[in-house]
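Got chain A sorted already, so can you dock chain B onto it with the hints?
Chain order of the listed sequences is A and B. No gaps in the numbering here: position 731 of the first sequence is 731 in full-length UniProt numbering, and each next residue is one more. No gaps in the numbering here: position 469 of the second sequence is 469 in full-length UniProt numbering, and each next residue is one more.
Hints in this document: simulated from the structure, not taken from any laboratory. Quick caveat: nothing in here was measured; it's all calculated off a predicted structure. A portion of the hints provided could be inaccurate.
One copy or two, either will do: identical chains are not told apart, so a pair holds if it fits within one copy or between any two.
The calculated DSBU-like cross-link candidates involving lysine-lysine, where the alpha carbons are at most 30 Å apart (straight line), are [as the list claims (entries may be wrong)]:
| # | residue 1 | residue 2 |
| --- | --- | --- |
| 1 | K55 | K592 |
| 2 | K250 | K55 |
| 3 | K292 | K592 |
| 4 | K247 | K55 |
| 5 | K749 | K292 |
| 6 | K749 | K55 |
| 7 | K668 | K250 |
| 8 | K749 | K724 |
| 9 | K292 | K247 |
| 10 | K250 | K745 |
| 11 | K745 | K724 |
| 12 | K364 | K204 |
| 13 | K749 | K608 |
| 14 | K592 | K724 |
Number of protein chains: 2
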Amino acid sequence: PSLPGAGMNGNGPSKLVDPLEDPLPGVGTYEDFNTIDWVREKSKDRDRHREITNKSRQSTVALLHSVSDAFSGWLLMLLVGLMSGALAGGIDIAAHWLTDMKGGVCLIGFWFNHEHCCWKSNEATFQDRDRCPQWQSWAELITGTSEGAFAYIVNYLMYIFWALLFSFLAVTLVRAFAPYACGSGIPEIKTILSGFIIRGYLGKWTLIIKTITLVLAVSSGLSLGKEGPLVHVACCCANILCHLFTKYRKNEAKRREVLSAAAAVGVSVAFGAPIGGVLFSLEEVSYYFPLKTLWRSFFAALVAAFTLRSINPFGNSRLVLFYVEFHAPWHLVELAPFVLLGIFGGLWGALFIRANIAWCRRRKTTRLGHYPVIEVLVVAALTALLAYPNSYTRMSGAELISELFNDCSLLDSSQLCGYKQVTNTSETGVGNSLADRPAGAGLYTALWQLALALVFKMMITVITFGMKVPSGLFIPSMAVGAIAGRLLGVGMEQLAYYNHDSFIFKGWCSPGADCITPGLYAMVGAAACLGGVTRMTVSLVVIMFELTGGLEYIVPLMAATMTSKWVADAFGREGIYEAHIRLNGYPFLEPKEEFEHSSLTVDVMRPKRSDPALAVLTQEGMTVGQVEALVESTHYSGFPVVVSQESQRLVGFVLRRDLLISIDNARKRQEGVVSASQVVFTEHAPSVAADAPPPLRLRGIMDLSPFTVTDHTPMDITVDIFRKLGLRQCLVTHNGRLLGIITKKDILKHMAQIANRDPDSILFN
Amino acid sequence: PSLPGAGMNGNGPSKLVDPLEDPLPGVGTYEDFNTIDWVREKSKDRDRHREITNKSRQSTVALLHSVSDAFSGWLLMLLVGLMSGALAGGIDIAAHWLTDMKGGVCLIGFWFNHEHCCWKSNEATFQDRDRCPQWQSWAELITGTSEGAFAYIVNYLMYIFWALLFSFLAVTLVRAFAPYACGSGIPEIKTILSGFIIRGYLGKWTLIIKTITLVLAVSSGLSLGKEGPLVHVACCCANILCHLFTKYRKNEAKRREVLSAAAAVGVSVAFGAPIGGVLFSLEEVSYYFPLKTLWRSFFAALVAAFTLRSINPFGNSRLVLFYVEFHAPWHLVELAPFVLLGIFGGLWGALFIRANIAWCRRRKTTRLGHYPVIEVLVVAALTALLAYPNSYTRMSGAELISELFNDCSLLDSSQLCGYKQVTNTSETGVGNSLADRPAGAGLYTALWQLALALVFKMMITVITFGMKVPSGLFIPSMAVGAIAGRLLGVGMEQLAYYNHDSFIFKGWCSPGADCITPGLYAMVGAAACLGGVTRMTVSLVVIMFELTGGLEYIVPLMAATMTSKWVADAFGREGIYEAHIRLNGYPFLEPKEEFEHSSLTVDVMRPKRSDPALAVLTQEGMTVGQVEALVESTHYSGFPVVVSQESQRLVGFVLRRDLLISIDNARKRQEGVVSASQVVFTEHAPSVAADAPPPLRLRGIMDLSPFTVTDHTPMDITVDIFRKLGLRQCLVTHNGRLLGIITKKDILKHMAQIANRDPDSILFN
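Chain A with its partners taken away, still in its complex shape (with noise of 0.2 Å):
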């Protein structure tokens, strides 16, 4: 009697088996903490779309069954977009509305937040819409009166009370619901999508906590961005809607490339970048990318681009905070500062990884792991107590930002476009307005407040990203490279007005002409330093792209992030999520370093020398008894099948999970099967006595077409089948003969020697 086949892999016995109904709960299924075998996941999922293919030739419901079949990953992206951008949208609002009441609150209604108040507002006019009598901030509402030093420290008790509230209630939340809502979410998706399992990572507490705490933990002022954990979002949504669908509910390869999606649409919703946000998704997150899933991305990206922008959260019809728009050229000379910043991102991402890491560490191996509540209030604190005197601090990183690569127009009234007014244009002849001025006294105090802003939010960010709360890094570090930038940008502004004749401006900056975008600068060191920070490419160029919209920065841009990433690189290939990935211990084959040591397979499988041999079970012979014992003497997570123990001749693979799940089924269903039967992975049932009992043949369960190398395959190739197969182990073999097995946790250990690391930091497999 054979069990019904696992329907894996196609071959022999499961072809006759329906492939779309599971044979026996459990078998064909994972681990938490496991890694899944892709290969199997997709011929799974080959053998469930050839069936539906060849039952819509027999009857109609069948075929509309086939269509909708093809058309629901369409329709599954669709929902996903939709989704995504809905809750980014609400998120915005949000945060918009809890950044505000920090400061104040509205009298028509504290539901408004500050600019809707003044909209509201018939009393306020156009130029004022940020004074208006209808909000009040806490010292008005409290002490009547907003004027004065009592009034000031009322308001900086109340921003420093809303802060520690709202950090508070965001740390407790996902401490007490979801504690997988901390953090980015990144360096955990990218593992998910290299084939790892996290369970209920992904999960509806998961996105309900972390969509909460994230407007919590914005709002509350810390130095971290709601953009990184957008993707977390993104792919909670995606990983929820996908159980709607069969096709991607039982198949986990399915599932991943609609999170692979997901990360798009994140990041489309994050900086209204759809295009970014699929280079982004192929760049930087994802492991197995077909072309299919970079069209279903776009779309994906797409659709959540126009929900966000229907919904419209920040009122002026674009999706994000710093939409710029520059007038000015800029000049091949310009090119040195760029590259100047972008040696400063590189050098600002390798020592911020550093730190962070170093930081992240000691709160693992310390005891100030023991207490993230009271970690998250005292950093929330301190921000606050730090951040509000300095108006530049005081306001979200969103907003600084915006305001950062703001290019100055004649009526701005920010402190940052505080010039002296030339207005003796006789000596000039042109008269252009927006041409390069001396800073006056605003831009000094300005300045001065910048640098003070650069210092502390390096500092803070270190310390902030990685705490129990959800946080981004996206933001933090565009700010300080944008603040880097403007600061250079001004100093540049001046050097050429001061210096018109000098041989270096001569000829482009001519007294009266716009030659120097100091907002421009403050982009490009945005971009440097997030650069730096991730080791993005194109896809932050893109992404940056988009903002502006035009080509002609685009040269700026990557002439300072490929700097970025190549002096950064000079002191650690990392980025900070993949040192993120290896502080936790995943088991990750970064797809994107080649594997450079000379060693041969033989060198790296198991067993090694010294060890005692493999453990593997023969085609025929051994009982369920002997099986049972060696499955239970050791702990791996599968076995391979052998002709005999003396020829070694490799015959297939079975899973420990797979082989338990069926000896027990066998045990509790099958009639006679006992300690003595005999286990047997042979097509053909050998002959037994008659008075033995019934053999357990588990052919159905067994790989018939495991991976093999040989002994002397160069290690490079055999990492380079591990990462485009997505393999979870391989066989290795030497003149035909079973010699050992080679495992991604291998591999991962070796090249954590190879780097002088410790190998077991490699937690999982």
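Just chain B now, kept in the frame of chain A:
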């Protein structure tokens, strides 16, 4: 005495030899019309890189060498971008000039084109730039007048004369100097990128002749474009420049990375769309596209775009002739006509592919193919004869598209903007003069001419593409779609004008409102038709997005291209390039399509059940004479090496070419190697009798890590392995014993058989 190791795969013996120098000339290279082994090439490059890195620790010179090696890729990209951009600019200028020469000549210098001539002239006013006395039509020059029927006939005849002259020159140059210069080149480049070798296809003669004949072919007025051939030109540049760098000259895999980037460069200069170009390379032509290539492609595409812009071939500081800006947004209801255009594009695409392939097959099989010059002349004469009377076919394809994309402004004198001026604005009270207006007589004439042009273009393109001149498909396909789109757009506009109050238009298309943009319809139509023919989606949308520079119109474009792809796919899943690849019998394993059939590897491998056993070498015991006899008696490109004929346990794989070269070399140079010498593949030489000739040791040329799959592996997995790893062949085992071999050609033949096509249409290995 062991042969100098072949440096392949970094195996045992080759470790002793410097992998930077070729051990034996010829070993490790490929023959023409053969497929490369990606794994071996990449492994070779990694060995090379490892060697340089190791050396760099020893001396400063070596360190500098290592740094220059690392940056040589970027330098190469810079050169490719500069050269391709410059060539594209030259082609643009020359084609513009020659096209104008068909109509007349400039008196102040025959080397000026029409526009340039009238710029130089001081007598022309700004509005009247088209007409200046310095530019004389041929009739004016010959007969002295440009009026009357006689002058028309003179111009007509001169037009035909030039068309015939240009096309004759083009086809004879191609035939005489570079037969590979004909066609668009994209099918061949796709095949080359997938690992095929066609020597001379990307050589300097092809480059020179293709550049010249492309100009001639475009100027001759044939229904073809220069965009596709520009990809070929860019790839030629890249291939030639590769010879400057050892790293790329000697490694077929590395060179293909550069070629992938060059394809992006080609599209970047053709459409002024660097991001679109990169995505085109990724989506349409590339096979192996690692992230490093993504960054480099992007860089090269940018450099090329900026080089082209600094050449400024169109005199408008734009990269393309058909840059567009629209003013009115689109409305949701308009999605219906956009989808209609998508359906039209899909149908046209499917029809075009069928008709064109049928015609090309006829050319291959009948006597038509023996007279390529006459064919070109006849088609050129026919095109000129029919095209001249209709102003929309007389102008070049790019100009036509530019005209059709154009949004009518008030002062536009084009016939397409021949609306009646509604002077009575009192009725509407708005008086927006750009609002929808009733069509006038001029527009009706234009519509008739456009309808005729549509039919003409559809017919003539089918027989033009595939002739022995350089010919691209992008422009003719886009022209067909743009005409159809403009017709539909004007139709919609008039419908809206006369039915303001119907429920469809009510609300968004009130009288006096600017609601329908026929130019946008033309653009959507162009995208749909191009999508139907090539099956591009994302890259097409991004190219179009870069033309308009606004996210606004992505949704219509997306809707149309997706519909077009689905409709066209319903008639056949191949795009025009894949269809031409198949027509030519190239061994191309489509990376996009899934292998759907449920066959097992054992069904596809050779030897088939009835065939004689597989030709194998044994690792010892065979003599040189026996090996030579075995090689002579077969035509296989490689032979597995087994432990012994009885055990059939696999040791390695050796290539025919390497085997022959090595034996030949040994016979010439090595003492005592005769036919009776033993050939030994083992690590340690066996002891031979004292009087026996010394053995020939060939372990160095043996691949010790051949890929194997089991006979039970489903073909979908095997095909996946071939695609992802870029294999040329794979050995098949059963229970550890060698059973057979499966090559790329076997797979393609099997696929052809499944699809009911002739398996012998696959010509190459």
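Do the hints match the structure? See the list:
1. K55 <-> K592: Between copies only: 24 Å across, 41 Å inside.
2. K250 <-> K55: Within one copy only: 20 Å inside a chain, 51 Å across chains, cut-off 30 Å.
3. K292 <-> K592: both (21 Å within a copy, 8 Å between copies)
4. K247 <-> K55: Answer is within: at 16 Å inside a copy they meet the 30 Å cutoff, but 52 Å across does not.
5. K749 <-> K292: So K749 and K292 pass the 30 Å test across copies only (25 Å; inside, 34 Å).
6. K749 <-> K55: Answer is between; shortest inter-copy Cα gap is 26 Å, intra-copy 47 Å.
7. K668 <-> K250: Close inside one copy (26 Å), not across copies (63 Å); limit 30 Å.
8. K749 <-> K724: both (19 Å within a copy, 25 Å between copies)
9. K292 <-> K247: within (15 Å within a copy, 33 Å between copies)
10. K250 <-> K745: within (25 Å within a copy, 35 Å between copies)
11. K745 <-> K724: For K745 and K724, the Cα distance is within 30 Å both inside one copy (16 Å) and across copies (22 Å).
12. K364 <-> K204: Intra 27 Å, inter 61 Å, cutoff 30 Å: intra-copy only.
13. K749 <-> K608: within (14 Å within a copy, 43 Å between copies)
14. K592 <-> K724: both (11 Å within a copy, 16 Å between copies)
Checked against the numbered hints given earlier, the structure satisfies every one of them.
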